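K.L.:
All chains should be built: construct the whole structure from the sequences, respecting the hints.
Here are the chains, one letter per residue:
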Amino acid sequence: METIVFSLLNGTIYGLLLFMLSSGLTLIFSMMGVLNFAHASFYMLGAYCAYTIMGVTNFWLALLLAPILVGAVGMGVERWGLRKVHANGHVAELLFTFGLAYLIDEVVKIIWGRTSVNYKVPESLDFTLFTLYGSNYPAYRIFILFVSIFMLVSLWYLLKKTRVGLIIQAALTHPHMVGHLGHNVPLVFMGVFGAGCALAGLAGVIGGNYFITDPAMAVQMGPIVFVVVVVGGLGSLEGAFVAAMLIGILQTSAVSINASFADIFGFLGMTATSEVGGITIASLAPMLPFLMLVLILIVKPTGLMGDREV
Amino acid sequence: MTEVSINPAALGPTASAKFRERVLPFILFGMVLVAIPFFGPSRTTMTLLNHIGINIVFALSYNMLLGRAGLLSFGHAVYLGLGGYFCVHILNWIDAADGGFWGNLPVFSMPIFGFAMGAAAGAVIGWPSCKRAGTAFAMISLGVAELMSAGAFMFDSLFGGEMGISGDRMAGPDFLGLSLGPLADVYWFIAFWTFFGVVAMFAFTRTPLGKLSEATRDNPERVQFIGYNPTRVRYLVFIFAGAFAGMAGGMSSVQDEIFTPENLSLIPSGAILIAAYVGGIRYFSGPIMGAIVMTYMGSNLSDYTAGWLLYLGLMFICVVMFVPDGIAGLVFGFWRGVRSPNRSEVFGKWAWQVSGVVLMIVSIIIIVEVAFRWSDGYGEVFEPFGLALSHTSILTWILAFVPLAAGVVLMRHAAAKYEEA
Numbered sequence: 001m002e003t004i005v006f007s008l009l010n011g012t013i014y015g016l017l018l019f020m021l022s023s024g025l026t027l028i029f030s031m032m033g034v035l036n037f038a039h040a041s042f043y044m045l046g047a048y049c050a051y052t053i054m055g056v057t058n059f060w061l062a063l064l065l066a067p068i069l070v071g072a073v074g075m076g077v078e079r080w081g082l083r084k085v086h087a088n089g090h091v092a093e094l095l096f097t098f099g100l101a102y103l104i105d106e107v108v109k110i111i112w113g114r115t116s117v118n119y120k121v122p123e124s125l126d127f128t129l130f131t132l133y134g135s136n137y138p139a140y141r142i143f144i145l146f147v148s149i150f151m152l153v154s155l156w157y158l159l160k161k162t163r164v165g166l167i168i169q170a171a172l173t174h175p176h177m178v179g180h181l182g183h184n185v186p187l188v189f190m191g192v193f194g195a196g197c198a199l200a201g202l203a204g205v206i207g208g209n210y211f212i213t214d215p216a217m218a219v220q221m222g223p224i225v226f227v228v229v230v231v232g233g234l235g236s237l238e239g240a241f242v243a244a245m246l247i248g249i250l251q252t253s254a255v256s257i258n259a260s261f262a263d264i265f266g267f268l269g270m271t272a273t274s275e276v277g278g279i280t281i282a283s284l285a286p287m288l289p290f291l292m293l294v295l296i297l298i299v300k301p302t303g304l305m306g307d308r309e310v
Numbered sequence: 001m002t003e004v005s006i007n008p009a010a011l012g013p014t015a016s017a018k019f020r021e022r023v024l025p026f027i028l029f030g031m032v033l034v035a036i037p038f039f040g041p042s043r044t045t046m047t048l049l050n051h052i053g054i055n056i057v058f059a060l061s062y063n064m065l066l067g068r069a070g071l072l073s074f075g076h077a078v079y080l081g082l083g084g085y086f087c088v089h090i091l092n093w094i095d096a097a098d099g100g101f102w103g104n105l106p107v108f109s110m111p112i113f114g115f116a117m118g119a120a121a122g123a124v125i126g127w128p129s130c131k132r133a134g135t136a137f138a139m140i141s142l143g144v145a146e147l148m149s150a151g152a153f154m155f156d157s158l159f160g161g162e163m164g165i166s167g168d169r170m171a172g173p174d175f176l177g178l179s180l181g182p183l184a185d186v187y188w189f190i191a192f193w194t195f196f197g198v199v200a201m202f203a204f205t206r207t208p209l210g211k212l213s214e215a216t217r218d219n220p221e222r223v224q225f226i227g228y229n230p231t232r233v234r235y236l237v238f239i240f241a242g243a244f245a246g247m248a249g250g251m252s253s254v255q256d257e258i259f260t261p262e263n264l265s266l267i268p269s270g271a272i273l274i275a276a277y278v279g280g281i282r283y284f285s286g287p288i289m290g291a292i293v294m295t296y297m298g299s300n301l302s303d304y305t306a307g308w309l310l311y312l313g314l315m316f317i318c319v320v321m322f323v324p325d326g327i328a329g330l331v332f333g334f335w336r337g338v339r340s341p342n343r344s345e346v347f348g349k350w351a352w353q354v355s356g357v358v359l360m361i362v363s364i365i366i367i368v369e370v371a372f373r374w375s376d377g378y379g380e381v382f383e384p385f386g387l388a389l390s391h392t393s394i395l396t397w398i399l400a401f402v403p404l405a406a407g408v409v410l411m412r413h414a415a416a417k418y419e420e421a
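First to last, the sequence lines map onto chains A and C. Just so we're aligned: 12 in my numbering is position 12 of the first sequence, and the numbers increase by one with no gaps anywhere. Just so we're aligned: 159 in my numbering is position 159 of the second sequence, and the numbers increase by one with no gaps anywhere.
If you are wondering where the hints come from, they were derived from the structure by calculation, not from laboratory data. Careful, some of the hints might be misleading.
[To be verified] Sample of chain C residues facing chain A (criterion: CB under 10 Å; computed from the structure):
hint: 1; residue: Ala15
hint: 2; residue: Ala17
hint: 3; residue: Pro128
hint: 4; residue: Arg132
hint: 5; residue: Thr135
hint: 6; residue: Gly143
hint: 7; residue: Ala150
hint: 8; residue: Met154
hint: 9; residue: Tyr277
hint: 10; residue: Leu301
hint: 11; residue: Met315
hint: 12; residue: Phe316
hint: 13; residue: Ile317
hint: 14; residue: Cys318
hint: 15; residue: Val319
hint: 16; residue: Val357
No experiment lies behind these values; they were computed from the predicted model shown. The beta-carbon is built from N, C-alpha and C at its ideal position, and this holds for glycine as well.
P.N.:
Next comes the structure, spelled out in structure tokens:
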């Protein structure tokens, strides 16, 4: 029971962070058809910017400024990079973001060094919120929960209830028509790319001190974000949400299960000393998302909730 | 009714053109391969050359997917890795065998086994992934690569865990008098298989399947109209690409004698993607040039500068943005320019562009080098040609940004001046 509650709670938080990252990616993909390989690099950039801003001022200003900064960088990338490559087709765009990920990694190493930086949870949030089954539960995790939910609701409101959201949704499916109606579609694209990057940056600000802020964080997070977007169905925010929660909870629970294959398939005569029998569920956790990706793409190529094929 | 008669033979290339385009380059390539050892290269050069050979085969096999079939794969190293692992295991079986089949097997034949293993892996993994093209294919290949490299750490007896598995290339009987002990012997081994692989992959582009793979890349619907199944074409090409990658793995198992799960991961897959693309995926020779340049840079540039990965990323982005045809595109473009009638004008444009690019490169190198030294924090100063450029000196900032601005101006000038021409 204890394990289940903690796994669910931690899994939800991890899932919400994943969703914050992948919502931007999904928006960008469905609008421009670009799977932004550098998306996780913007997440990393967010964490590092927050670290620097926090060193000068305080965490709350960092929470506000770092995503804006990252969003601005994203807009610049779209304006002067992606737009140029667009003429050469989708593969070129994908490769451009692939190269960009390399570049951001290296630049981060130059500016902030090769080892992890000491980006800590702010003192005002560094306390125990409640005690559950005798374990202290840190307040910061609940803070992540609230920020994510707030972001989720405001994103939903922006997309579904405002005029800007209407134009964005229209530009997703019928960019030419929206252009003919007199809206500046390239500007919308730039805005969405910037907003997507800002969301990734925000995830970095609140995730960077929850995990570790080091130059490897983009490489670790990047492929998982792809999995979320593809499993959820490209272009579907609801799907991304479901997939993010699913992967978050699945991975967090798997880590806490100590059973090995020998325990499960013991009735088949498998022993814990054999190579396959010795594999624990916990050690399978990092592979689960990718297994899910491959299975989904083979079985249901549109993803859980997508309406179009990848 | 007018009679239109077309003689198909007259439309095709002449015999001399065929010889010039399809035979002569390979004769020259073979001659270069044979000539290299007579210059007495050092051991480091020899090792570098061997790695170049392996990467040429690997990059060409990758280009069967990306350039020819239009399939962007992020996990091509899986096939090189599996082929290579299989060969290292065989090396160990040969070593342990006392006569019998394994005992009489020359190590020279390793790439054949790598080829078979690569083909088998391609056949198994390609079956689900080739049902889709485009982004879905790219994502599946990414997932498979992550799965394989993570899974490889779990089966120690097959993949050897973090340490990997090593073998001994000196085992087994000699073949053609090559014991494969000294590096010079390994060079002949690599040279033979590189030549074989290049010729075989060029021959593949001339087969109906090779031609169909290009048709599937350009227009899968039309391929269906004329009665072929694009999925099947992709699948077959995928198997061959995996097989040649496995062959490169077999070559690598003899050269390096070790394989680790790292060899299966996204990092070597990304590296070969960059090599093939920078070389130029629209030309057959592009990946060869890319493999040569990238392998050379990878082994030598890292001695000169800490920022070589940054240069690599910058170079890749520049190629994607400005030179989509890669190095091969530049080389053949130069050749066409030299032979074109309005030579002087073309040369004028190039002069502007080259000077612009050189100025920008100077700036970028200064910025990167100074930044890296500042980042290290050892107080080391970048000193090209006796100039002490520290990050506090004004000269550094001038040298960093004035040539950059001048280069941009030159490029714009060249673009504007020759646009209407």
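K.L.:
Now tell me if each hint is right for this structure.
P.N.:
Here is what the structure says about each hint:
1. Ala15: 37 Å, violated
2. Ala17: 30 Å, violated
3. Pro128: 5 Å, holds
4. Arg132: Status holds, d = 6 Å.
5. Thr135: 5 Å, holds
6. Gly143: Given a least distance of 4 Å, the restraint on C/Gly143 holds.
7. Ala150: Holds - the Cβ of C/Ala150 comes within 10 Å of chain A, reaching about 5 Å at its closest.
8. Met154: 6 Å, holds
9. Tyr277: With a minimum Cβ separation of about 6 Å from chain A (threshold 10 Å), the hint on C/Tyr277 holds.
10. Leu301: 13 Å, violated
11. Met315: 9 Å, holds
12. Phe316: With a minimum Cβ separation of about 4 Å from chain A (threshold 10 Å), the hint on C/Phe316 holds.
13. Ile317: 4 Å, holds
14. Cys318: Holds: closest Cβ of chain A sits about 9 Å from C/Cys318, inside 10 Å.
15. Val319: 8 Å, holds
16. Val357: It is violated, given that the least Cβ distance between C/Val357 and chain A is near 17 Å, above 10 Å.
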